[in-house]
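Asks: Assemble the complex: chain A is given as a structure, and chain B must be docked to it using the hints.
Listed here are the chains, written in short residue letters.
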Amino acid sequence: MCKDCGCGLPGENPVGVSAHHHEHAHEHNEGHEHEHGGGHHEGHDHPHPHTHPHAHAHSHDETDHEHEHAVGDEPRRTVEVRQAILEKNDRLAERNRGFFRARGLLVLNFLSSPGSGKTTFIRESVRELGPSLKTAVIVGDLATDNDAQRLRESGAPVVQITTGTVCHLEAEMVGRAVQRLDLAGLNLLIIENVGNLVCPASYDLGEDLRIVLLSVTEGEDKPLKYPPMFQSADVVVISKMDLAQACGYDRDTAMANIRRAAPKARIFETSAKTGQGLDAWREFLLQQQQERKALDPLSL
Amino acid sequence: MQSALNLALDQARQAGATRVHEIRLRIGALSGVVPDALEFAFEALVPGTLAEGAKLAVEHVPARFWCATCAREFQSDDMFAECPDCHSLSGELRAGREMELASLEID
Chain A
1 MCKDCGCGLP GENPVGVSAH HHEHAHEHNE GHEHEHGGGH HEGHDHPHPH THPHAHAHSH
61 DETDHEHEHA VGDEPRRTVE VRQAILEKND RLAERNRGFF RARGLLVLNF LSSPGSGKTT
121 FIRESVRELG PSLKTAVIVG DLATDNDAQR LRESGAPVVQ ITTGTVCHLE AEMVGRAVQR
181 LDLAGLNLLI IENVGNLVCP ASYDLGEDLR IVLLSVTEGE DKPLKYPPMF QSADVVVISK
241 MDLAQACGYD RDTAMANIRR AAPKARIFET SAKTGQGLDA WREFLLQQQQ ERKALDPLSL
Chain B
1 MQSALNLALD QARQAGATRV HEIRLRIGAL SGVVPDALEF AFEALVPGTL AEGAKLAVEH
61 VPARFWCATC AREFQSDDMF AECPDCHSLS GELRAGREME LASLEID
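From first to last, the protein sequence lines are chains A and B. Using my numbering, the first residue of the first sequence is number 1, and each one after it goes up by one. Using my numbering, the first residue of the second sequence is number 1, and each one after it goes up by one.
Simulated from the structure, these hints should not be mistaken for laboratory data. Any given hint could turn out to be false.
[Said to hold, decoys possible] Where chain A lies over chain B, by a calculated footprint (3+ residues, C-beta under 8 Å):
(1) 8 to 18
(2) 53 to 61
(3) 73 to 86
Backbone N, C-alpha and C fix where the C-beta goes; we use that ideal spot for every residue, glycine too.
Bound conformation, chain A alone (with noise of 0.2 Å):
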């Protein structure tokens, strides 16, 4: 269950990882939360929520407890824990960073708004790098792989990852889904999140980039809405520059509330129907796949 909004109540769908159409890879962890939806994970700990209280009340003699007391009336005392509430996710996401690193791979992790245009947009830009940059693409939604269908248009290969009823991609999921990619000779891995601007702002997935999609239908006051969201950004991608006109998109207050919310993120105005911004987009895509490229030790 997402700590943000309380999606994915236990009990309901299983996270599915699918690389076809309509299939679920494991469908043999129902009743679990998501944090470790199916699989083995050897050393890590699966925290159930355990509903019998278990009685310590009398083994007294073994942690640091202080006092003697009769069952009933133990006085209440603080333990300091001071612990990452995700740390079990980040953990994970930076085992997959390492397992990106040293394949020299480029991972991007794709945000926005449900209907702001990433799949649109990812699939142009696979065919706008075309072999210059040979891609895969993994895709989270709730339901249905209607994104998976149309981003194989684009030739790249796909897996689809079925959050059921969690409204984010975690590490662990990528971590299962990249097993089921051919990684030989991959440059560039695109990872589409769930659309939804708050929660998966939370979730670090291992990638090297967060692009946050920002379309001109939505409103330029969007980044000031979701602050967290356009914070974590590395870049933000305005789509459907096509529609500025017919939208009335004010162009000079856009880029003053991306600014101030992502001062940091390099910014790029796009249309995937149109072509106009994919150039600039493909360079800088390659520049930094050489960088990375520069960081894999085997390649030196």
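Replies: Just chain B now, with coordinates in the frame of chain A:
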């Protein structure tokens, strides 16, 4: 919230708790967490656990940024990174993404 609660329950068990009275979280302004949603999820999840009936306490951590022009850190009250002195925008977040289990009050 499930992650936070699992972490809290694990820690409580390790400390030999028979009951959890309070779970205290530290939540940064830019963490993306919606406090109301957190409270709602908490209420939905605690029944039947050691933390049934526990209070959820949230400590808010404001966003802090580094201003390279003024060479100092500043606190932001509105999640945006504008330096109050020179009004330039900073890309360097120093604090505000926290999502931590701070402490537990247990029996």
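Asks: Against each hint, give a clear statement of whether it holds in the structure.
Replies: Evaluated hints:
Residues of the stretch 8 to 18 of chain B with a Cβ under 8 Å from some Cβ of chain A number 11, which satisfies the need for three, so the listed coverage holds. Only residues whose beta carbon comes within less than 8 Å of a beta carbon in chain A count, and the stretch 53 to 61 of chain B has 0; fewer than three means the coverage is violated. Beta-carbon proximity to chain A at under 8 Å applies to 4 residues in the stretch 73 to 86 of chain B; the threshold of 3 is reached and the given coverage holds.
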